[in-house]
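Asker: Listed here are the chains, written in short residue letters.
Protein chains: 2
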Amino acid sequence: MQKHTIDHTLRATWQAVAKLYNEEAGKYGATMAVAFTLLNIDKKGTPSTTLGPKMGMEATSLSRTLKKMEEQKLIRREKHQEDGRSVLIFLTDLGIEMRNLSKEKVISFNENVNKNLDAEKIAHFFEVSETILNLIHQRKIFNKN
Amino acid sequence: MQKHTIDHTLRATWQAVAKLYNEEAGKYGATMAVAFTLLNIDKKGTPSTTLGPKMGMEATSLSRTLKKMEEQKLIRREKHQEDGRSVLIFLTDLGIEMRNLSKEKVISFNENVNKNLDAEKIAHFFEVSETILNLIHQRKIFNKN
Chain A
1 MQKHTIDHTL RATWQAVAKL YNEEAGKYGA TMAVAFTLLN IDKKGTPSTT
51 LGPKMGMEAT SLSRTLKKME EQKLIRREKH QEDGRSVLIF LTDLGIEMRN
101 LSKEKVISFN ENVNKNLDAE KIAHFFEVSE TILNLIHQRK IFNKN
Chain B
1 MQKHTIDHTL RATWQAVAKL YNEEAGKYGA TMAVAFTLLN IDKKGTPSTT
51 LGPKMGMEAT SLSRTLKKME EQKLIRREKH QEDGRSVLIF LTDLGIEMRN
101 LSKEKVISFN ENVNKNLDAE KIAHFFEVSE TILNLIHQRK IFNKN
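Residue numbers (the working numbering), protein chains in the order written: chain A, 1 to 145; chain B, 1 to 145.
Careful: at least some of the hints might be erroneous.
Stated by the list, open to error - Quick partial rundown of chain A residues pointing at chain B, CB under 10 Å, derived from the structure:
(1) Leu-10
(2) Val-17
(3) Asn-114
(4) Ala-123
(5) Ser-129
(6) Leu-133
(7) Phe-142
Said to hold, decoys possible - Straight-line distance between alpha carbons at most 20 Å, and here's what the computed PhoX-like set of lysine-lysine pairs gives:
(8) B:Lys-67 / B:Lys-43
(9) B:Lys-27 / A:Lys-140
(10) A:Lys-115 / A:Lys-103
(11) B:Lys-140 / A:Lys-27
(12) A:Lys-140 / B:Lys-19
(13) B:Lys-140 / A:Lys-103
(14) A:Lys-79 / A:Lys-43
(15) A:Lys-54 / B:Lys-19
Said to hold, decoys possible - Sample of chain A residues with no beta-carbon within 10 Å of chain B, all distances over it, derived:
(16) Glu-70
(17) His-80
(18) Ile-96
It is worth saying that the hints were derived from the structure and are not from the lab.
Here a beta-carbon is modelled for each residue, glycine too, at the ideal position from N, C-alpha and C.
All chains should be built: construct the whole structure from the sequences, respecting the hints.
Answerer: So, in structure tokens, the structure goes:
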């Protein structure tokens with residue numbers, strides 16, 4: 001029954017999800033990267049420097065996404081009141097609206113998957129993912145022992 | 001125990017695997033894309049036109065990868081004997097060697113993950129992935145019903 005390797009399945013499934021999210025975001029003139037960034041910006045303002053690490057995104061592609069989001073009036077940048085060198089990112093009203101929409105889509109995705117599978121299987125999916133992350137973290141993947 | 005959504009976990013896990021594979025490939029002057037392409041080229045020669053769809057890779061990024069692989073003497077291109085317009089891609093001896101190495105790495109990854117988890121959990125991981133792919137394929141993900 002198992003036709004593919006674990007890594008192949010992870011890649012194929014994530015790519016299909018990313019394609020779906022990008023298509024859905026495209027209906028609103030956005031991309032998955034924009035939606036994902038919106039979801040990571042706090043209503044109280046998020047320092048631009050913490051966003052990249054939080055999202056696991058490269059600095060260059062994040063700054064390109066933020067520039068686009070500023071042009072689309074989804075965010076605005078403000079100097080930090082106490083620390084003039086630091087910049088805070090805020091959502092505009094349009095940004096908040098699009099953030100809520102993005103959240104709905106993520107919830108809809110997860111609800112639909114959960115509805116179609118036993119809770120135990122989902123729990124095992126999380127456990128397998130966590131084990132993979134732990135093995136990578138412990139550098140045990142290419143270790144023969 | 002479940003801190004994240006399914007889509008978030010898929011993304012984080014695949015990104016960690018891709019990073020690991022890229023680091024490992026880097027030790028041999030390659031990238032994950034190169035290793036992945038090597039694994040998809042048949043010993044009897046693979047038509048360049050079938051490679052992209054087979055790998056789920058964009059034409060532009062595939063052609064960039066193939067150019068690099070030709071420069072590194074991992075592959076060579078030959079006109080198809082019967083159809084002069086079509087081009088076949090062959091592995092060089094170095095390409096075959098690197099293909100075998102890539103295969104070893106993929107096997108090592110999967111063996112280590114399998115060794116650390118019950119077969120039933122792995123089976124459920126595959127089942128969850130397959131269900132997600134089916135829901136996406138049937139366009140049922142953003143459907144409220």
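Asker: Does each hint fit the structure? Answer for all of them.
Answerer: Evaluated hints:
1. Leu-10: Given a least distance of 5 Å, the restraint on A:Leu-10 holds.
2. Val-17: Nearest chain B Cβ about 6 Å off; hint holds.
3. Asn-114: holds (8 Å)
4. Ala-123: Since chain B brings a Cβ to about 7 Å from A:Ala-123, closer than 10 Å, the hint holds.
5. Ser-129: holds (4 Å)
6. Leu-133: Result: holds, 6 Å to nearest chain B Cβ.
7. Phe-142: holds (5 Å)
8. B:Lys-67 / B:Lys-43: holds (19 Å)
9. B:Lys-27 / A:Lys-140: holds (17 Å)
10. A:Lys-115 / A:Lys-103: Holds, because 18 Å separates the two Cα atoms, which is no more than 20 Å.
11. B:Lys-140 / A:Lys-27: Holds: B:Lys-140 and A:Lys-27 sit about 17 Å apart, inside 20 Å.
12. A:Lys-140 / B:Lys-19: Judged against 20 Å, a Cα distance of about 14 Å means the pair holds.
13. B:Lys-140 / A:Lys-103: holds (18 Å)
14. A:Lys-79 / A:Lys-43: holds (16 Å)
15. A:Lys-54 / B:Lys-19: It holds: about 16 Å lies between the C-alpha atoms, which stays within 20 Å.
16. Glu-70: For A:Glu-70, whose nearest Cβ neighbour in chain B is about 24 Å away, the distance exceeds 10 Å, so it holds.
17. His-80: holds (28 Å)
18. Ile-96: Holds, since 20 Å exceeds 10 Å.
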